[in-house]
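Peer 1: Residue-level listing of the chains:
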Amino acid sequence: MSLFNIFNIAGSALNAQSLRLNTTASNMANANSAASSSGETYRAREPVFEPLLGDAFDPNGAADVGVKVTGIVESQAPLRHEYQPGSPLADADGYVFLPNVNVVEEMANMISASRSYQTNVEVMEASKRMLQQTLALGQ
Amino acid sequence: MGWAGKVSRAIDLIAAPGGRTLPLRPTPTRPKSNKPAPEPHFEFLARSSQACSQSSLRTEQAAMSNPIDPFGIHTQALALRGRRAEVLATNLANADTPGYQARDLDFAAVLAEQGDNGALQVTDTRHLGGTDPDFNFALRYREPLQASLDNNTVDVQAERAAFADNTMRYQASLTFLNGRIRGLMSALRGE
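Chains A and B, in that order, are what the protein sequence lines are. All residue numbers for the first sequence refer to this note's numbering, where the first residue is 16 and numbers rise by one. All residue numbers for the second sequence refer to this note's numbering, where the first residue is -9 and numbers rise by one.
Some hints here could point you the wrong way.
Said to hold, decoys possible - Covered, in the sense of this in silico footprint (three residues per stretch, anywhere, with C-beta under 8 Å from a C-beta of chain A), are these stretches of chain B: (1) 66 to 74; (2) 82 to 88.
What the hints assert, rightly or not - Calculated from the model, a selection of chain A residues having no Cβ within reach of chain B, i.e. all distances over 10 Å: (3) N37; (4) T38; (5) A46; (6) S90; (7) N117; (8) E121.
Said to hold, decoys possible - Computed, partial: chain B to chain A, Cβ under 10 Å: (9) R15; (10) V77; (11) Q91; (12) S138; (13) E149; (14) F153; (15) Y160; (16) L167; (17) N168; (18) I171; (19) M175; (20) A177; (21) R179.
Hints were generated in silico from the structure; no laboratory data involved. None of these values were measured; they are calculated from a predicted model. We treat Cβ as the ideally placed atom computed from N, Cα and C, and that holds for glycine.
Okay, chain B solo, but in the shape it has when bound:
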């Protein structure tokens, strides 16, 4: 397998919608109020995930040729995995809270949203990718697999599995980053 194949496999691994085995239903639409602008690195993630959904080759080229950001999607993937770990930890913390509705974020939904609406198409390397200003990480409510008397929808086993899955994907991103840094270091040293 060539280098390009490895990279696209890496992107598949990172962008794979972890925890999608659990059905999710959309959160109720909230009135658009004076919502603050998304954080810069979140916006960056949207742009990068859009690039990934369009063509993994483009991301790969960006990863190879862009001297400012040699790490490709992994920096954004780490941010998203970190955020998802937080959401899952909140679910686990509220495992015994009556009426709590478990939530999760859906990586695939983020990709789809960014591909379809709002996002500007990038057809030239000098274009800046635009993002949907209402981008909100597609936080969804978990569809309960088993009803409970107190309306709590946290399934501790499922949440723990999703948390472990998320942690492994985080570590996968870290491993790829470490390899990239090692490669760059040996290239710089020229030994």
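If we strip away everything but chain A, and leave its shape as in the complex, we get:
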């Protein structure tokens, strides 16, 4: 029954979107984590999504469809280099490295992820109702 597959599909999307929310939360939490060298500095992270299609063109297939997270990449944007001579992390010239997190971008990402999460929850609800009504058929 294909309606049961919807739980797997929407479930994979919920998984992916909650991971996206997690990375966003992590980025925001570390937006101002200073470090004394560029290697130690936190960089904005982002999950990479990929469709999980199985053989979707095959009428018998489509058993494993949905979305999967293939990995998490770090942003290659330049780090912020600020003059903070009072900081204990400052180098000899008085500069500290700050993460390349763009807070505005992260907020937009967060809203997009939570909307997608809601959409998939509603898809699950709808298919649950469809299944319940099918089970109650003839009663």
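Model the placement of chain B on the given structure of chain A, informed by the hints.
Peer 2: For chain B alone, coordinates are given in the frame of chain A:
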């Protein structure tokens, strides 16, 4: 309106190509490989939809007189609606996946394909309807209404609307089935 009129209206409602407001383009032809045979109930759907496209009256007669399958097109319609819900859920799940191409299946295309090529004409009640072995639910790519930078063609609002439409048609089929079962039950009880 008589009983026959009601049934043909019911068939119109079920067979109406839901979500056709969104343009679809055909999927690229795939090489014919060792494709497994279609599932039995899918094949059954093709046969029944062909009957529907030829004459709704025939389906109605079948629904009335066939003691084995008193439910007409609705059982197959439920299978198709269930499958379409799955396809639309996949689109919604991949709303944020770069490069994902939204897909949908086109009920009207299934009907047209089954009417034109491959399908055997049924001219007698003792004939078995044949189906196109390559019948693949006419899964098509959605024509994007708005281009996106990452080549994703999912329009979440349109997909949600199509999903809601599909759900309502599923429930319509269920309602018709429920009515039919109730009718049969009261006929059996004879109260």
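Peer 1: Work down the list of hints and note, for each, if the structure agrees.
Peer 2: How the hints compare with the structure:
1. 66 to 74: With 4 residues in contact (Cβ-Cβ under 8 Å with chain A), the coverage given for the region 66 to 74 of chain B holds.
2. 82 to 88: holds (count 7)
3. N37: 15 Å, holds
4. T38: 13 Å, holds
5. A46: 22 Å, holds
6. S90: 16 Å, holds
7. N117: Label holds. Min Cβ-Cβ 17 Å, cutoff 10 Å.
8. E121: 15 Å, holds
9. R15: 15 Å, violated
10. V77: 8 Å, holds
11. Q91: 9 Å, holds
12. S138: Hint on B/S138: violated, closest Cβ of chain A at ~13 Å, above 10 Å.
13. E149: Since the shortest Cβ distance to chain A is 9 Å, the answer is holds.
14. F153: 7 Å, holds
15. Y160: 6 Å, holds
16. L167: Hint on B/L167: holds, closest Cβ of chain A at ~6 Å, below 10 Å.
17. N168: 6 Å, holds
18. I171: 4 Å, holds
19. M175: 8 Å, holds
20. A177: At about 14 Å, which exceeds the 10 Å cut-off, the nearest Cβ of chain A leaves the hint on B/A177 violated.
21. R179: 14 Å, violated
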